[in-house]
Amino acid sequence: MMLAVDFALMLEKFLLIVVIIMGSLVIAMYATYAERKVAGILQDRRGPNRAGPFGLLQPVADGVKLFMKEEIIPLTSSKWLFILGPCLAMVTAMMTSAVIPWGSKIEIAGRTVDLQIADINIGVLYIFGVVSMGVYGIMIGGWASNNKFSLIAAVRGASQIISYELAMGLSLIALLMLTGSLSMKTIVEQQVSSGIWNVLLQPLGFLIFLICAFAECNRTPFDLPEAENELNFGYHQEYSSMKLGFYLFAEYINMFISSAVMATLYFGGYDIPFVNEANLAQSWGENLVTVLGSVTLLLKVAFFLFFFMWVRWTIPRFRYDQLMDLGWKKLIPLALANMLITGAVILWLNK
Amino acid sequence: MSITEILFWFLTALALLSALMVVFSKNPVHSVLWLIAVFFAISGHYIILNAQFLAIVNLIVYAGAIMVLFLFVIMLMNLNAETEPQKNRWLWWAGTIAGGSLMLVIIAALKNTENQMAQIKGGDIGLIQNLGKVLFNDYVLPFEISSVLFLSAMVGAVVIGKKD
Numbered sequence: 001m002m003l004a005v006d007f008a009l010m011l012e013k014f015l016l017i018v019v020i021i022m023g024s025l026v027i028a029m030y031a032t033y034a035e036r037k038v039a040g041i042l043q044d045r046r047g048p049n050r051a052g053p054f055g056l057l058q059p060v061a062d063g064v065k066l067f068m069k070e071e072i073i074p075l076t077s078s079k080w081l082f083i084l085g086p087c088l089a090m091v092t093a094m095m096t097s098a099v100i101p102w103g104s105k106i107e108i109a110g111r112t113v114d115l116q117i118a119d120i121n122i123g124v125l126y127i128f129g130v131v132s133m134g135v136y137g138i139m140i141g142g143w144a145s146n147n148k149f150s151l152i153a154a155v156r157g158a159s160q161i162i163s164y165e166l167a168m169g170l171s172l173i174a175l176l177m178l179t180g181s182l183s184m185k186t187i188v189e190q191q192v193s194s195g196i197w198n199v200l201l202q203p204l205g206f207l208i209f210l211i212c213a214f215a216e217c218n219r220t221p222f223d224l225p226e227a228e229n230e231l232n233f234g235y236h237q238e239y240s241s242m243k244l245g246f247y248l249f250a251e252y253i254n255m256f257i258s259s260a261v262m263a264t265l266y267f268g269g270y271d272i273p274f275v276n277e278a279n280l281a282q283s284w285g286e287n288l289v290t291v292l293g294s295v296t297l298l299l300k301v302a303f304f305l306f307f308f309m310w311v312r313w314t315i316p317r318f319r320y321d322q323l324m325d326l327g328w329k330k331l332i333p334l335a336l337a338n339m340l341i342t343g344a345v346i347l348w349l350n351k
Numbered sequence: 352m353s354i355t356e357i358l359f360w361f362l363t364a365l366a367l368l369s370a371l372m373v374v375f376s377k378n379p380v381h382s383v384l385w386l387i388a389v390f391f392a393i394s395g396h397y398i399i400l401n402a403q404f405l406a407i408v409n410l411i412v413y414a415g416a417i418m419v420l421f422l423f424v425i426m427l428m429n430l431n432a433e434t435e436p437q438k439n440r441w442l443w444w445a446g447t448i449a450g451g452s453l454m455l456v457i458i459a460a461l462k463n464t465e466n467q468m469a470q471i472k473g474g475d476i477g478l479i480q481n482l483g484k485v486l487f488n489d490y491v492l493p494f495e496i497s498s499v500l501f502l503s504a505m506v507g508a509v510v511i512g513k514k515d
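For the protein sequence lines, the chains are B and C, in the order given.
Counting in the working numbering, the first sequence runs from 1 upward without gaps.
Counting in the working numbering, the second sequence runs from 352 upward without gaps.
Hint data in this document are derived by calculation from the structure and do not stem from the laboratory.
Be a bit skeptical, because a hint or two may be false.
[Unchecked claim] What follows is a list of derived Cβ distance ranges for each label pair:
1. B:K79 / C:L455: 34 to 42 angstroms
2. C:I511 / B:D321: 15 to 23 angstroms
3. B:D321 / C:I457: 43 to 51 angstroms
[To be verified] Partner residues are not named here, just some residues of chain C that face chain B (Cβ under 7 angstroms, in silico):
4. Q403
5. F404
6. I407
7. L410
8. I411
9. G415
10. V419
11. L422
12. M426
Glycine is no exception: its CB is placed at the ideal position from the N, C-alpha and C atoms.
Make a model of the complete structure from these sequences and hints.
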């Protein structure tokens, strides 16, 4: 095997990666805008409305502001690790998007293009792997700052993420028993062909997964790593300029990606509800149905993003012992019970 | 050279370099981070051998969980380069000799083994379907016994943690 590469495939994947990464960035950018608008509506005020029509240029203004600020690296920090922290946070936030099927197939000039960067047969485990790497962005950044508040926040964040990973994994095992596959594409195709979304079969599993997703993204009510009344600003206290921007931005990308994961695993991914895709594709053509499917997926993601914000501006923050109590003593036993019941029911039905 | 070979040599160099940096770093936190790089390089080797499941589980368990606990302990104890105790010169020599002897034993043990080439890209025993079938058909008993071992270790940790 020499250096022979399928250049068409490479170009196709490259374009797909560029589109998905740019898309995630733009959606994360406007998620910050949406967050303020939602907060405004929930608190009976207007939200941002100065920059551009309806304040639509607000994210751009924020970005420019962050770029223009002075870059400060504290003298007593570990310089390289201080820079590595936000980079890792950003990279791990983006990497998950590789295994999410963003749509079915599109035919361009006789070539079938899968709207998924990599359909690996361990897709769900890959997501787990990347999520568990996400801890390092927080830990390294917090430790390298050489600030006690940052360190405490980093340790809090890491222990929170590790604790909730367990319940998340257990709730996913119940789902994997039903699907029998770890490939995200296969999981979606099963839901498309049967028309039954996994949330109907695994309501408790979904609830546990949702709560864990909130904790993994460090979102309220579990945003203890940045609890400002206890820790000033949390693990990014010493950060300024775009490095701070990366940390803040990574949170929104994480939200976007975990919404996409939830929509894919539990809500049928690019399945259009109450519609038989195969029949529709015969009358409307494959490409149009694929585009409609991708739009459906984005709508589901938008709903989950709204849900994240809705919860943030409604529910107050947990105390740290309450957070650990919920994770270890309530969610893990619940997830274990869910797993055992699912296994028993599957065995009983197969008999 | 094929792409697989280039990748193999790159990952090998990365693994060895990172492993050396684990030993030579003055700061324990840097050592842990280099160790994580070693795990990444080894997972890369697993992927070349088409053992995707092993690769990702190696990352989740070692890099994602165990190393985080290492970092916890080191960060909280604040083991910096200055606070590290100065080691005795004799200890240094003893360590070198012990390590050298271990390497000698390993080389002697591996010298006469069959020269087996790893299957690159062809083998699919590392894929999750095959691994699951082998584990639950041929090796059910050892697999379940080791899981009981893990459970007892977990219970032991909880018991120790409860004693205030």
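Do the hints match the structure? See the list:
Here the CB-CB span from K79 of chain B to L455 of chain C is close to 41 angstroms, well matched to the stated 34 to 42 angstroms. A beta carbon spacing of about 20 angstroms between I511 of chain C and D321 of chain B agrees with the range 15 to 23 angstroms that was offered as a hint. At about 48 angstroms, the CB distance of D321 of chain B to I457 of chain C agrees with the hint of 43 to 51 angstroms. Against a cut-off of 7 angstroms between C-beta atoms, the interface hint on Q403 of chain C holds, since the closest Cβ of chain B lies about 5 angstroms away.
Interface hint status for F404 of chain C: upheld, as the beta-carbon distance to the closest one in chain B is roughly 6 angstroms, under 7 angstroms. Evaluation of the I407 of chain C hint against chain B yields a held restraint, the C-beta minimum of about 5 angstroms falling below 7 angstroms. With its C-beta approaching chain B no nearer than about 5 angstroms, L410 of chain C sits inside the 7 angstroms limit, and its interface hint holds. With its C-beta approaching chain B no nearer than about 5 angstroms, I411 of chain C sits inside the 7 angstroms limit, and its interface hint holds.
The interface hint given for G415 of chain C holds, since its Cβ lies 3 angstroms from the closest Cβ of chain B, which is under the 7 angstroms cut-off. At its closest, the beta carbon of V419 of chain C sits 5 angstroms from a beta carbon of chain B; the interface hint therefore holds under the 7 angstroms criterion. Nearest Cβ of chain B to the Cβ of L422 of chain C: about 6 angstroms, under the 7 angstroms cut. The hint holds. Interface restraint check for M426 of chain C: the shortest CB-CB distance to chain B comes to about 5 angstroms, inside 7 angstroms, so the restraint holds.
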